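Chains as they are written, first to last, in our numbering: chain H, 1 to 332; chain E, 333 to 664; chain R, 665 to 874; chain U, 875 to 1084.
Hint data in this document are derived by calculation from the structure and do not stem from the laboratory. Because the structure is a prediction, the values reported are computed rather than measured. It is possible that some hints are incorrect.
To be verified - Calculated cross-link-like contacts (lysine-lysine; reagent style DSBU-like; alpha-carbon spacing at most 30 Å): (1) K784(R) - K221(H); (2) K784(R) - K705(R); (3) K2(H) - K705(R); (4) K503(E) - K994(U).
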Amino acid sequence: MKKFINNIDNMLIESLSGFATAHADIVRLHVEPTFLTRTQKASNKVAIISGGGAGHEPMHAGYIGKGMLDAACPGQVFTSPTPDQMLAAAVAVHADKGVLFIVKNYAGDVMNFEMAAEMLPFEHATVLTSDDCAVVNSTYTTGRRGVAGTVIVEKCVGSLAETGADLASCKALGDKVNLRTSSIGVALTSCTVPAAGRATFDIADTELEMGVGIHGEPGRKRETMRSADAIVKDCVDAILADFAHKGLTPQQDALVLVNGFGATPLMELYLIYHSAATLLKAQGVNISRGLVGNYTTALDMAGASITVCLLDDEIKQHWDSPVHSAGLRWGC
Amino acid sequence: MKKFINNIDNMLIESLSGFATAHADIVRLHVEPTFLTRTQKASNKVAIISGGGAGHEPMHAGYIGKGMLDAACPGQVFTSPTPDQMLAAAVAVHADKGVLFIVKNYAGDVMNFEMAAEMLPFEHATVLTSDDCAVVNSTYTTGRRGVAGTVIVEKCVGSLAETGADLASCKALGDKVNLRTSSIGVALTSCTVPAAGRATFDIADTELEMGVGIHGEPGRKRETMRSADAIVKDCVDAILADFAHKGLTPQQDALVLVNGFGATPLMELYLIYHSAATLLKAQGVNISRGLVGNYTTALDMAGASITVCLLDDEIKQHWDSPVHSAGLRWGC
Amino acid sequence: MKTSFILSASLAIHAAIVAHEADIESLDRAIGDGDHYINMKRGTEVIASLYNELLPLPPDQVLNKIGMKLLSTIGGASGPLFASFFMSMGKVAKENGADTPLEMAAAFAAGVQSIMQRGKAQAGEKTMLDVLIPVSTTFTTSAAAGKSTIEIAHEIKQVAATGLESTRNLIATKGRAAGLGERAIGHLDAGAKSCQVMITTVCDLMIKEA
Amino acid sequence: MKTSFILSASLAIHAAIVAHEADIESLDRAIGDGDHYINMKRGTEVIASLYNELLPLPPDQVLNKIGMKLLSTIGGASGPLFASFFMSMGKVAKENGADTPLEMAAAFAAGVQSIMQRGKAQAGEKTMLDVLIPVSTTFTTSAAAGKSTIEIAHEIKQVAATGLESTRNLIATKGRAAGLGERAIGHLDAGAKSCQVMITTVCDLMIKEA
Ligand SMILES: Nc1ncnc2c1ncn2[C@@H]1O[C@H](COP(=O)(O)OP(=O)(O)O)[C@@H](O)[C@H]1O
Ligand SMILES: Nc1ncnc2c1ncn2[C@@H]1O[C@H](COP(=O)(O)OP(=O)(O)O)[C@@H](O)[C@H]1O
Ligand SMILES: [Mg+2]
Ligand SMILES: [Mg+2]
Ligand SMILES: [Mg+2]
Ligand SMILES: [Mg+2]
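So that you can see chain H by itself, here it is in the shape it has in the complex (with noise of 0.2 Å):
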């Protein structure tokens, strides 16, 4: 393992720090418990709160700021923050129209927040995102996980809560968006957990993980490298099969994000956009936004991951209204 790192205990925290100062004029970081907030404390609004495994840079604290969230919880490298700082980021950013978490789909981060909302004095609802379509649901399963396509969950309901909204319209949004939302991911190598020293799993030159996690989880199957296209058109496939499942048509105005898992160069980003862009349009969606760059990273893996969510006005509305964070900025 070759990392820019001084000991792993520290590395978090230190990351944390430098982040803090670079993007000062957004955001502040606050210790023993740890989390993220904005630097000017909104008022009158929904807190949009968030948090999760560290590892996935720029989310969560990077999205933190106006029109987006209120605050961040990271944990340690792909595990869960505690309830302590769901609380005190909670009782930091609370604005008198309560607290929105929005949580991705892991057993571990449900498990946390939900015992945080148990203590939460506060009004509160919690938006899951589950957009991960490469592990197929079941009432068996703990469900679908949530991706990438928890950035337009958090960009889409950080913008209506701007707008001083009420908890259950941001709560029903989030869930909108997360419903009309299916992702999947390729992973080329794995990632390398810090604490860990080794890569999480072997893959050959000659393999590829289709549907894998962005904690480089095993995904659906171990399938042989192919070209770009190939590979494009079958995760294209799965997200329109969900879209199917779920009832949902996607002969309609789209939003696409491409996202780099943090290893893998713009250039093929961009290829793979114009990849899914082309077999998209084929299939009679129109593309009206598009996103391309790293946005949902599993630290140092090659890989990406193809989201698709099904615009209808509102979500248009709130995906395009200014945003001022350090992942994310347009309008302002």
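Go by the hints and put chains E, R and U with the ligands onto chain H.
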């Protein structure tokens, strides 16, 4: 080699097509010869054109847009573009106030832009960027390399050009920013040029390449891998020595850019920023601006560069001014 | 169950987890995300460090404080689960005491119950519960049968090992491995492994001290 | 020098470059950026493809068109340099012809001159010029001495090989390798290698056809 590609010959154009589709509101792609321009041609300003080999994404096409470049000419991976591209780009964006080429100082880029300039039917000037302090300057060599500091030059010159400033002033600001900017890079792994199909250099798990170039050129010295703080200290010392060599005192306002080479996670880049900011502050440098991310990459190389730009009021004004490109956006 | 026993158990557990780093770590890497060992190490280390602070407290308060501390230390899926376990155990210990084998079995059962509630999980879902549930059952029935702590400890070690082994051929329906379907088969569950390690450690301590 | 000779030379050169992929590629990887072989392949391939288009044209126009095409095809440092070489050669060929060995040597010398101007470089800077300059000198003197094309071709092959070898122990002061200082020592220069390969190929063709 494991990459998202279909075939090596189409890689660049497929990627550029994806880029142009994803950012259709900002850029337009032209072919035969290949170059990119703003979607909206600007009028009555100096036309700012840059270019260079591909593989440094988002540089340069990612910096096309209001407040920055008017056009960019991408070459093959790590290979300077050719004069016909530069001529066509100049003809497309020239807006009655002359053309300014911003060129990273490499023999190939210099000679190709030079030949284009000789054929140019308009008033023109060229800013050569040479911020890399890893290559010690000497009258015997072709001089220092242009690396990540080029982003700062393009941002500031682009901003000044929007004000209607004349060619001489734009060239003067570009030269000033370049003079006041110093960078050095470190590689933990090699990059892999797709057409070559194998790593440009071999490097052990116990080694790093200090002073590496953005094409995977060997740097100052092959050194042993060590802690982030130890690596960053050597980089900061090299930068401060360079300012001393240039007769510039670093005890003033500065912009610090921590740039990832493509495969290094944000978590590590922010950790490097934390380490660099701490060391620089201790030296009396007043860091009033910061930028952290992948802005001048070397394909899939793991590593990062640190850039310090000494600010004055003019540079501050043009760094802070609104910019709307795919790679840098604020204030609009 | 005395405070001194709980605390020496916590030290022994930390040592045992560290001693099993390789297996625990590789199991979560194989069908999880590779952090279970680090989470367990972080958690047990912090509890061990509370030794002097907890020594003066009664057992129920010690169990409760251990649960609260684990809740804010471990994170992940195992954090809230182990936290709930100890907090519920403490609650029952406070109400009914935890001195006789029967009382201890009842407190343990309450802990396991709280894990099932928090995790919305049953036996057979390839989780730590495949160790905890059978252990709890044995504990209760043998205690009811009036067996000695030593006998019970020996039985439980056996049951924990069998429970762990039972996770090998299960498809996971809870936790990260739930995404894997068939691919989870053949691997033991990491949380089940750490539970078996911890339970075995406590049993050995009981046998030694009895 | 007939058009037909230039064009069969261009085909032979393309084949020769491809045949030397491994050495050319590895040299630029060692002390450059690894793209020189790809650049040369791209350039020589395009020229080879112009065969029929150029066949009807006089030699000077063919040389000029080759130069222009290389300029818009190769890129990098070698592109403008080889382009200048052929364009200047074409210019001189047009003015003074390029039929006798002396005329050919003069055209070749003009080409090398233009590379030195464009690259602001001399001999001894660890570039292609360390092959081109001695070759040009030999070409001129031997032609002046009235030697036959065959004799000259044999001499030139030798000089090109020596020139290439001379780059091994030089510190580079031009091109990418200029950043390396001492570290460039021990490696041949990639551009010098491709020039040696191309010159050798043309010489063999001269010998064969004479
Ligand atoms: N719903 C659940 N019920 C019971 N145990 C669970 C549940 N989800 C996960 N676990 C246990 O937690 C273990 C994983 O813990 P850990 O790796 O620390 O957290 P994470 O899965 O968040 O990385 C699994 O091996 C499993 O035994
Ligand atoms: N200033 C120069 N004068 C003469 N030859 C040069 C000069 N700079 C570079 N070269 C030659 O160009 C070769 C490199 O060409 P190439 O790899 O195609 O371009 P780049 O260096 O831009 O990647 C070097 O090996 C050297 O022989
Ligand atoms: Mg985890
Ligand atoms: Mg090159
Ligand atoms: Mg885990
Ligand atoms: Mg080269």
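We went through each hint and held it up to the structure:
1. Distance hint between K784(R) and K221(H) is fulfilled; the C-alpha atoms sit about 27 Å from each other, no more than 30 Å.
2. Between the alpha carbons of K784(R) and K705(R) the distance comes to roughly 25 Å, so the proposed pair stays at or under 30 Å and holds.
3. As the CA atoms of K2(H) and K705(R) are separated by approximately 23 Å, the hinted pair is consistent with the 30 Å bound.
4. Restraint check for K503(E) and K994(U): satisfied, since their Cα atoms lie roughly 23 Å apart, inside the 30 Å limit.
No hint from the list above goes unmet by this structure.
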